[in-house]
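Assemble the whole structure, with the sequences as input and the hints as a guide.
Chain order of the listed sequences is A and B.
For what it's worth, our numbering labels the leading residue of the first sequence as 1, then goes sequentially.
For what it's worth, our numbering labels the leading residue of the second sequence as 1, then goes sequentially.
These are calculated hints, taken from the structure and not from any lab test.
Do not take every clue at face value.
To be clear about the criterion: a stretch of chain A counts as covered by chain B if any three or more of its residues have a C-beta under 8 Å from a C-beta of chain B, and this derived list gives those stretches [to be verified]:
#, segment
1, 110–117
2, 122–131
3, 149–163
4, 236–244
5, 308–322
With the Cβ distance kept under 7 Å, some of the chain B side facing chain A (calculated, not the full set) [as the list claims (entries may be wrong)]:
#, residue
6, LEU116
7, ASP118
8, GLY120
9, ARG127
10, MET171
11, VAL173
12, SER176
13, GLU227
14, ALA237
15, THR257
Chain B is nowhere near these chain A residues, computed Cβ spacing over 12 Å in every case [said to hold, decoys possible]:
#, residue
16, LEU90
17, PHE107
18, GLY344
19, SER364
20, GLU433
21, ASP438
22, PHE473
23, VAL475
24, ARG497
Just so you know, these numbers come straight off a predicted model, no measurement behind them.
Note that the Cβ used here is the ideal one computed from N, Cα and C, for glycine as well.
There are 2 protein chains.
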Amino acid sequence: MRFLAFFLTTPVAWPRQSSVYKWNEELRSQDRPSHSARMNRLCPPCSDLGSSCCSNLFECRLWSNSSRGVEGLLKEPMGMVEGQEAVERLERLTGMLRRRGVILPAFEIHGGAKGLYDFGPVGGRLRSKVQDVWRDHWLSQGDVVEVSCPTVTPFAVLEASGHVAEFSDFMTVCLSCNEASRADTMLEGHHPNPDALPMAELQTLLDDISPACPSCGASEWSPIVAENLMFDTVIGAGSSGRPAFLRPETAQGMFTTYPAIYRHFRERLPFGAMQLGRGYRNEISPRQGMIRLREFNMAELEYFIDPASDDAPDLGAWSETAIQFVPAEGDAFEGTIPKALADGIILHPTVAWFMARTYDLMMSLGVLAPKVRFRQHDRDEMAHYALDCWDVELHGSYGWVECVGIAHRGCYDLEAHEQATGQRLRAWRTYPEPKIVDIDGWTIDGAKAGPAFRALAGQVKDKVEALAADTVFPVSIVLEGGEEVTVESAHVKRVQRTESVAGEWFIPHVV
Amino acid sequence: MRFLAFFLTTPVAWPRQSSVYKWNEELRSQDRPSHSARMNRLCPPCSDLGSSCCSNLFECRLWSNSSRGVEGLLKEPMGMVEGQEAVERLERLTGMLRRRGVILPAFEIHGGAKGLYDFGPVGGRLRSKVQDVWRDHWLSQGDVVEVSCPTVTPFAVLEASGHVAEFSDFMTVCLSCNEASRADTMLEGHHPNPDALPMAELQTLLDDISPACPSCGASEWSPIVAENLMFDTVIGAGSSGRPAFLRPETAQGMFTTYPAIYRHFRERLPFGAMQLGRGYRNEISPRQGMIRLREFNMAELEYFIDPASDDAPDLGAWSETAIQFVPAEGDAFEGTIPKALADGIILHPTVAWFMARTYDLMMSLGVLAPKVRFRQHDRDEMAHYALDCWDVELHGSYGWVECVGIAHRGCYDLEAHEQATGQRLRAWRTYPEPKIVDIDGWTIDGAKAGPAFRALAGQVKDKVEALAADTVFPVSIVLEGGEEVTVESAHVKRVQRTESVAGEWFIPHVV
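As structure tokens, then:
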């Protein structure tokens, strides 16, 4: 499950009862005496900053006099704001966030850097508070721990996770001004979902449409290429340096530390591990303000479960909570999470559990219920690792925007790392009753097969033990290296016994 | 002021009254019932992990039976542990931290990566708790705000800050195995302070000594080069990509956001801004476990002051607190912070204030007083930006190790960014009384000088206004472009007036 911090900036009003709002109330009451005293101070000469441009979200005279201030937002009808009005509102919001030190373009004195933002003196504290709420919400579940891993990640880790191959966008470069653009973004409006098109179809569409370059207006484009979106760097110096990336998600840390987490929970599923930290995505052409960042605050929780377990979490507490759903198939509807699970729309009870708990988190952060919905990913839209995926979307000036992703990742990640490393990333499942297994087959007689096959004896043993009980010797066997050997009956012994097997190793599934 | 998180791992015992210890107590009492129940569980077959290898620092049977456990540490005499015993103790500590999920080598299933560590299921929580203590300690001061800036930093920012030129170590490469090493590290023991040697002297020493390569044992080395220690990357794709680094310190964020912070505090010094986050240092050959990391958790606070202000913080609360000092000149001594300031050993009252508050923080984190000392940097050891610098050192198995740095950075950083960007990064100082300034000189008479000098009139005006009151016209003036013009008395007017100046802009100093 993945949370992105930009929901801080979606203009969703905070109702009075929210905990974040309460914190602001508190801030306001602390700040009032000195603030009022300061409000009467004259501006220093030559400064273009009046005292009315203060940094307190709720105190400033300009702000509280504005019909579009926080009070205005609260009074606004629940209906969604669209079109030109949304654009203007967004500009006002961005300007306000910047003037008041909430969120501002990073490195602005040096000309700025697209896709990078600072949390200023007000935003920095707000960010910490939201992180605390998130951390406490999930730790209180009792079976979740917090880990913290490096952001610099060796090539091999992200090759195993599939990010080296899959984490890319289709890029094209303007032949006139050399500015790189995302091909699918420029073709929005010419196709219902250009994001999901394969490269060849996207190329055909680009050739047909020839969109204007957002930088210079020309319409000549280089052939589309898949551009990996990870920032790359090198660990170490000189020729001993190793290629590495900045992590595209924090989730991989929970998979690479899986052995320590499994040990921590005394090898008992289910359990979860979470991490708050930076994620990186070297966007080709970041636009849309805080929605497409090159470096962002994220918070992820991975919950490890036994896919064969029937344990279902108790969703009784949410049986009356009406929520908006947009399923992958069929129409949007309002319903409850337990009902959507029972109807087979939500595919797994653990996914339903985290949807319910996430909804509670959104409410405790002060998001308004009519501005939240759960949208299920279409099959061709899902990330390379997902079996089922729901986004929590919030409605703001950009329309409905993903804020949380709840994906059933199956055993994709642990299996991928296991295959790449040869390390066991599994859990032990004890059978209710030990299974009695009859073994009837063959093995080699070391005293005779050893001298006969010498260095190949080990390989011959594996092949012989795989033979059926009714094999008649001599048989001819082809080994891995291509050598053919003949196994005589003198080389082998019959094996007949029963074994009691207490359980088995399996790869946990992850939500 | 800069805090590094590795003090988490220095084996300094926590006394019972510390807040971190209290948290562990709490954890223990919560965990006891389920823990005890789990302790009786049999290990799964095939697993080499016994239930006695549990992750709770204080509960495990192995641990509590060990004479070297936490209780053992508490009972240990205050005397310092050195030599072979220290090495063994460190190995035990590292093994324990790893087994119990506190700190473990990162990406271990993929073969690991030197200089990168994970905070595991126990360490992750401990890290958050220490960060909370740090954050609350400084925010409670009332004139400090928290900001949060990107780690990916454009080239221009770190060029202005001096890191592109100065943030380097001297590297040499083994001609036999190609492994890079730090030249000064290999020459420790052959010079009292190889760290401070210029490149030529280090080269001479390397040639004389020919140390053995730590990897392969050979003794042939490439010529020494200065290797920049920042991880580099590129923002954006294609030919429009811009060179960037991962930040070597969080402090630059407080300087680049200075205008927003100054505005937040209504343009009134003093104030502080702090940031917790990752710092990066692409060490040539990281050794010493957690002491030399390539990616680390840091917490920095920059406090902006008026260098002309006489305001001195009240250090009365520390007048009885005896602390160990190692000054740059003279012998180590035990004394109080107010006394060291009065004696001119600590050079600035604000530095003394932050030393005192930092000492309190160390105590509240549970560090034992005899294992803390303040050491002043020698002049040739200080960072490129520092006027005075004190380290808080903690004594552990590596000896005395820097944990906090408190540097008087002067106006170095803001001035450097101001020069690089042309933006004003200053504060306004209002004079107690407005200053009356007599102006007696010349300016041009626009009606006559305009037609006479045409496009050059602006430049002529600047030159004329810089002339002394007793100038006799005509005079010959050389302009920027090299043109020589003759200014007649008809072109100019005498200016005589008094002006009242209310204050001035200055660059704040930073501690």
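Unsatisfied constraints (hint numbers, rising) | 5, 12 and 17
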